[in-house]
Amino acid sequence: MNLNKHYEEMWSKSLEKFERNEFQIDPQIDSSDDLRRGVTLLIRPSELVKTEISNFINDLKIIEPHQYYYPSSDIHITVMSIISCYSGFYLGDINIKDYEELIALSLKNLRNEQIKFKGLTASPSCLMLKGFAANNQINLLRDNLRVNFNQTNLNSSLDSRYEIQSIHATIVRFKTEIKNKKAFLELLEKYRDFDFGTFEVEHYEFVFNDWYQKKEFTKILNIFRPL
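Reading the sequence shown from the start, the letters are residues 1 to 227 in UniProt numbering.
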């Protein structure tokens, strides 16, 4: 797919909704009753890139302080939701070793990857960074995971919500009405094509997580390094 075209289409559709005040508010972000859990393979950006992201987030907070902003510790790229979050899933329900073996197999023979975050995209419910992979290794890994998991009877829900193809990172979710829409949209336009930096993918994290990948609910199960 043409990834930048995909991001631009998402942005255009969402911007139309933003201008009509059709923001999708997430009522569960601060809920202590949200027990949705799953397991995910993900990537964390470098500290230098996270600093650039935090600078942007701090500018947004001045204008809209009451939205949900991802702390640096929680920012990630989802490679694959192995088991998408749902209430009633517990880590003890699966044999972690079986999953680790398939992930390791899927990573075999892949090259190193470099990711650039440049610009913004959006959905009606959130803001995201546009990510681009230099060597297409992320989508090759996703394809390997699909093939390998489809050949087993392991509990999994790969692509159950949609077939993941992008390399975005969600950084803001809307949890209340936007109060300063004009200033908010002007700041988004300022950062529309901002270069947040490039980083090497040093490892992949296999985690047990909640819906939002909050640090306090996330447990690292294993770390895989490119071979």
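These are calculated hints, taken from the structure and not from any lab test.
Don't take each hint at face value.
Computed list of lysine-lysine pairs in PhoX-like fashion (alpha-carbon distance at most 20 Å, straight line) [claimed, not checked]:
(1) 13 x 182
(2) 182 x 116
(3) 5 x 116
(4) 5 x 17
(5) 175 x 61
(6) 61 x 219
(7) 116 x 17
(8) 181 x 13
(9) 118 x 215
(10) 214 x 17
(11) 116 x 175
(12) 179 x 17
(13) 179 x 190
(14) 182 x 97
(15) 181 x 61
(16) 61 x 214
(17) 190 x 17
(18) 17 x 219
Distance ranges between label pairs, derived from CB positions [stated by the list, open to error]:
(19) 202 x 24: 15 to 25 Å
(20) 154 x 190: 37 to 47 Å
(21) 33 x 93: 37 to 47 Å
(22) 92 x 33: 32 to 42 Å
(23) 90 x 16: 36 to 46 Å
(24) 5 x 28: 30 to 40 Å
Keep in mind that this is a model prediction, so the values were computed, not measured.
Backbone N, C-alpha and C fix where the C-beta goes; we use that ideal spot for every residue, glycine too.
Verification of the supplied hints:
{"no.": "1", "hint": "13 x 182", "in the structure": "holds, 18 Å"}
{"no.": "2", "hint": "182 x 116", "in the structure": "violated, 29 Å"}
{"no.": "3", "hint": "5 x 116", "in the structure": "holds, 16 Å"}
{"no.": "4", "hint": "5 x 17", "in the structure": "holds, 19 Å"}
{"no.": "5", "hint": "175 x 61", "in the structure": "holds, 13 Å"}
{"no.": "6", "hint": "61 x 219", "in the structure": "violated, 28 Å"}
{"no.": "7", "hint": "116 x 17", "in the structure": "violated, 27 Å"}
{"no.": "8", "hint": "181 x 13", "in the structure": "holds, 17 Å"}
{"no.": "9", "hint": "118 x 215", "in the structure": "violated, 25 Å"}
{"no.": "10", "hint": "214 x 17", "in the structure": "violated, 27 Å"}
{"no.": "11", "hint": "116 x 175", "in the structure": "violated, 28 Å"}
{"no.": "12", "hint": "179 x 17", "in the structure": "holds, 15 Å"}
{"no.": "13", "hint": "179 x 190", "in the structure": "holds, 19 Å"}
{"no.": "14", "hint": "182 x 97", "in the structure": "violated, 50 Å"}
{"no.": "15", "hint": "181 x 61", "in the structure": "holds, 13 Å"}
{"no.": "16", "hint": "61 x 214", "in the structure": "holds, 19 Å"}
{"no.": "17", "hint": "190 x 17", "in the structure": "holds, 19 Å"}
{"no.": "18", "hint": "17 x 219", "in the structure": "violated, 36 Å"}
{"no.": "19", "hint": "202 x 24: 15 to 25 Å", "in the structure": "violated, 34 Å"}
{"no.": "20", "hint": "154 x 190: 37 to 47 Å", "in the structure": "holds, 46 Å"}
{"no.": "21", "hint": "33 x 93: 37 to 47 Å", "in the structure": "violated, 20 Å"}
{"no.": "22", "hint": "92 x 33: 32 to 42 Å", "in the structure": "violated, 21 Å"}
{"no.": "23", "hint": "90 x 16: 36 to 46 Å", "in the structure": "holds, 41 Å"}
{"no.": "24", "hint": "5 x 28: 30 to 40 Å", "in the structure": "holds, 32 Å"}
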